[in-house]
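Participant: Note that the sequence shown covers residues 2 to 397 in this note's numbering.
I should point out that these hints are in silico values taken from the structure, not numbers from a laboratory.
Where is the CB? At the ideal position from N, CA and C, for every residue including glycine.
Don't take every hint at face value.
Pairs of lysine-lysine residues, derived as DSBU-like cross-links and limited to a Cα-Cα distance of at most 30 Å, are as follows [to be verified]:
1. K393 to K281
2. K83 to K269
3. K281 to K253
4. K303 to K340
5. K340 to K269
6. K393 to K253
7. K269 to K253
Pairwise CB distance ranges (calculated) [stated by the list, open to error]:
8. G61 to R177: 45 to 53 Å
9. A99 to V251: 33 to 41 Å
10. K340 to R305: 21 to 29 Å
11. R148 to G386: 37 to 45 Å
12. R305 to E194: 28 to 36 Å
13. E255 to R177: 49 to 57 Å
14. Q111 to R148: 32 to 40 Å
15. F63 to S363: 13 to 21 Å
16. Q140 to Q318: 26 to 34 Å
17. S326 to V180: 34 to 42 Å
18. Q140 to P258: 36 to 44 Å
19. P313 to P115: 25 to 33 Å
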Amino acid sequence: MMSHREPRARARLAKILLVALLAAPALLVLPSKHDEGENRHLAPFPSAPDSPAAALHYTGAFDAWANDHFGLRARLVALHTKLDYALWRQFPTHQVIAGRHGRIFTAAFQAEAPPYSGILSVCGYQATQAPMLAQQIDQFVVQTRARGLDAKLLVVPTSPVVNMEQLPRWLYGMCRDSVTPMSQVLAGPLAPEVRRQLSYPLAAMREANAREPLFPSTYFHWAGAGPRLVSAWTVQQFWGATPQQATPYVSKVERQPSDISHLFHGLKLESDVETLDWQKSGLELCYGATCFDGPLRPVVEKLREAIRVTNPRGQRQRLVIISDSYGPPAVGWFARYYKEVLLFNTNFLGTLDAADLQLLRSFLFEHRAGDDMLVLYHDATVYAGRLGNDFKTLMP
């Protein structure tokens, strides 16, 4: 039989729980990982408004204080991202989509880009840029030859066209019957001297990808077998180097987070990634501006990414690579053939002023007799017109 004290006890317990619930945010006023390293002051508690104008800003100021000091928003966003992916395989941005068999794809290259544009453009759906690409490739060959350079162009197919069968079914249906823009260019009337300077190894990559993955399943960039195989094909096609001329290498497979994880905070997606063991492979890697002396160093700092790799056992002399972000994962694999490889990423070429560009041109293009030169861009970079724009800047 229930005593008359039990309802009172339950009432007290309900009050305690209510107070605890209301006080919960105050219990979370603790330093969080999201605050560490922030180069700013936390928002102060807003003072009471003393005018109609101040009253209009009070809500925003209070929200800023609450977000900083209670720290719930970042946690809730991360939780929502995890739930969305677990339940629906959806991401918090249209820039990433889930494919089949655990693979994800970069679907748009900027937040303001149309949904799926990063996939449809590379697979060639309703593509119209083949004439522009042919003109830019022809101009690239003319420009480099005018400077006495025998520069080659490697256009790397990205994951949506190599792993097309792993796209969502409806996207696969749109891409399956399309012809990639580079395939359209190669099917056109390219001059033989231009065709000799160009590589777009789509068929070979698809065939190799059936045996081992050329792209980690959660990556945008290639890694491991992708650059390892394509580097061997490239030096053989362009310069006649054989696999026997490559120095031995040691690699390892590591579990690594997605290289586009910044687009889905709170969600941990990983892949098995083959990486070079530089030291055991006899390669010396130098990354960044400190690899370059004199007036070129501040230029490289603005470019943000430049690499020098030396290999005392390399059989060829020097390779100069001008690339986008697909170049760095490949630089070590190319270095197996060369005593020295230099790589410059052009993604931030627009940060250089006229004096910087003159220094870079001098370093890249003067006194290069005997050096091999490779421009390595992935397909989306080329389709965006970057080849023409970048070499208009580098070779005005």
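Participant: Are the hints correct? Go through all of them and say.
Facilitator: Now the hints, each set against the structure:
1. K393 to K281: The hint is violated at about 40 Å.
2. K83 to K269: Roughly 9 Å separates the two Cα atoms, so the pair holds.
3. K281 to K253: Holds - the C-alpha atoms of K253 and K281 are around 11 Å apart, at most 30 Å.
4. K303 to K340: 26 Å, holds
5. K340 to K269: 39 Å, violated
6. K393 to K253: 40 Å, violated
7. K269 to K253: 21 Å, holds
8. G61 to R177: 45 to 53 Å: Given range 45 to 53 Å: holds, Cβ gap about 49 Å.
9. A99 to V251: 33 to 41 Å: Taking Cβ atoms as reference, A99 and V251 lie about 34 Å apart, which means the hint holds.
10. K340 to R305: 21 to 29 Å: At roughly 26 Å between Cβ atoms, R305 and K340 fall inside 21 to 29 Å, so the hint holds.
11. R148 to G386: 37 to 45 Å: 21 Å, violated
12. R305 to E194: 28 to 36 Å: 34 Å, holds
13. E255 to R177: 49 to 57 Å: 34 Å, violated
14. Q111 to R148: 32 to 40 Å: 33 Å, holds
15. F63 to S363: 13 to 21 Å: This hint is violated: roughly 57 Å between Cβ atoms.
16. Q140 to Q318: 26 to 34 Å: 28 Å Cβ-Cβ, so the 26 to 34 Å window holds.
17. S326 to V180: 34 to 42 Å: Once the Cβ atoms are compared, 25 Å apart, the range 34 to 42 Å for V180 and S326 is violated.
18. Q140 to P258: 36 to 44 Å: 40 Å, holds
19. P313 to P115: 25 to 33 Å: 49 Å, violated
Hints 1, 5, 6, 11, 13, 15, 17 and 19, counting from the list given before, are not met by this structure.
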